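Here is what each chain is made of, one letter per residue.
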Amino acid sequence: MMNGKLRKQIGAIATWVLTFILMVIICVPGLWVVLTAFRPNGEVLAKPPVWIPENPSLNNFAKIFGFGADQVAIPVPAYFANSLIIALTSTAIALLIGMSGGYAFARYRFRFKNGLFLGLMLSRTVPGIALSLPIFMIWSRIGLIDAKLGLIIVYVALNVPFTIWLIDGFFRQIPKEMSEAAQVDGCTRWQAFWKIEFPLAKSGIASAGIFAFLTSWNEYALASNLTRSTDSKTLPVGLMDFTAQFTIDWAGMSAMAVIIIIPALILTFLVQKHLIAGLTFGGVKG
Amino acid sequence: MAEITLNNVIKRYGKVEVVHGIDLDIAHNEFVVLVGPSGCGKSTTLRMIAGLEDISDGTVSIGPGVVNDLPPRKRNISMVFQNYALYPHMSVRENLGFGLKIAKQDEATITARVNEAADILGLDELLERTPAELSGGQRQRVAMGRAIVRHPEAFLFDEPLSNLDAKLRVQMRTEIKKLHQKVKTTVVYVTHDQVEAMTLADRIVVMKDGHIEQVGTPMEVFNHPVNTFVASFIGSPPMNLLPATIRGTEVVFTDGKSLPVPTRLADRVRDGQEVIFGLRPDDLTPVGHGIAESGDSARLTLDVVLSEPLGTETILYTSIAGLEAQGKMFGPRDVTPGETLEFDIAMDRAHLFDAATGNSVRSD
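Those protein sequences? They're chains Y and U, same order as listed. Take 1 as the starting number for the first sequence in my numbering and just add one per residue. Take 1001 as the starting number for the second sequence in my numbering and just add one per residue.
These are computed hints drawn from the structure, not numbers from a lab.
Result set (BS3-like, lysine-lysine): computed pairs, CA atoms no more than 27 Å apart in a straight line:
1. Y:Lys176 <-> Y:Lys113
2. Y:Lys176 <-> U:Lys1104
3. Y:Lys176 <-> U:Lys1101
Note that this is a predicted model, so its numbers are computed, not measured.
Required output: the full structure, derived from the provided sequences and hints.
This is the structure we're talking about:
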């Protein structure tokens, strides 16, 4: 009796320790970036490493916004605005297409349906970077280099297969009788979708939205090819502004990285409720 | 007034035709049950009436007008689905009132109608719960409540009881019948369960492979099946069907045993005709253990292979001409397998079907 209880406790402790180690592996690099954002550049490369900043300050943030003497200002507000516009617009479009496409794949029968779906999924197997040269050449011909629209189109294309796939799965879980019952109850097809199916798939759509937003927000490789100036450069591309020919301003870069992380965190917290609702949806079915 | 008329209704999926020209008139306030094995087209037919499935050919009318091109919401019908299809993100009250809210009824009317429906179905206590918090039977009742609040012209039921356990199914069956007696409305009810069909229907429509085999009251369909399919599908245990040949005034089975041709059918058969002799287990009873005296009875001596006591009656498995035949013993005593008994055969309730067509010799 005692033995079993003890074994259970040891098991619980082992699980906890393992989880802790895993979380440390995942979190320490991020934590290091955040800590570095608050320390002077000199401390970054110190040996032995200094973990907790000795004199934490907001100097790095002040510097990148152009306050203080020793640093050329980085156009963070412009980059931030670009990132926000590009990520939000491409996410909205990807969600709209994902919802229509996902709904169509889940509910309608049409020619070449399976082939089309497979094609969408296969398009994800091509690494985005492999397409950067062709995209660059086409975009330069039609004048989409260094334009927000150019990046938005690329990100929509990148995200749509995924949003369709994810949202299709959620609509599939909703019995089609729900929509039929609503139609018999007096709804148009659109009302049935909007009042019944959409609320039930909301958590799936929210998840798809987060993934699409984070993909666009964090994407670096394609953006670095297709952007040139403050007209279109996004925050991840802006990070490279901290590298000069012989020096890298690690502290400034970290401060900027923190600025990049914050909106993503806020968004995830805001939508988290729906993600959890998505997990408990099964209990409501039937 | 809502009679429902189906006129040569056909359903095709691509090139495959699954419902082959159905004609059916359903009277105002009538309870009609479409019954048949799975894949017979009964649900498709119901869904065409509801407007959830396109009609490939023919017309469906509800009330005075053809509704072929009307969407479900304009047909003024309501439907109960096999899996209930309750809206999981709404409370029972919102589920019930949803149709009225969509129809832009004012709050007071919605509340009154929802309460009325809840009253009829005993849902008063459950109004604030969500579907997830209800048992199967309660969900079933909410689904019916959602159907009645709108005071539709007709109710359509698509196998509404098949997700319930046996006991609850019997209970809900009674409730559906009571409900129909309370709110007199035209009902079209689909099931594969012939007991549901018999107990609920004013008229039964027996379907098979996209065709209507027979339409009639439960007693008509039971007592006068038009063919072997209906004969074997309606009634439990099913009717015994035994191949035989007409020799003069005798029905001769393949093993040489014979019975006289039922008197009422004597002029409907000809000498040498290959037939199938149909007899319900209720009409094959050990002497002294029948239900009713038959004016035209015959006797056979048969060996009992197996007996299944049910309390008020015992089902006896025996064999005629090498084929299994079931009989019943009313007011039963213990029967041991291998026992030989003399059976009364109620010839005035026996059936003869043409062996080639399967049709009853009465109906050709």
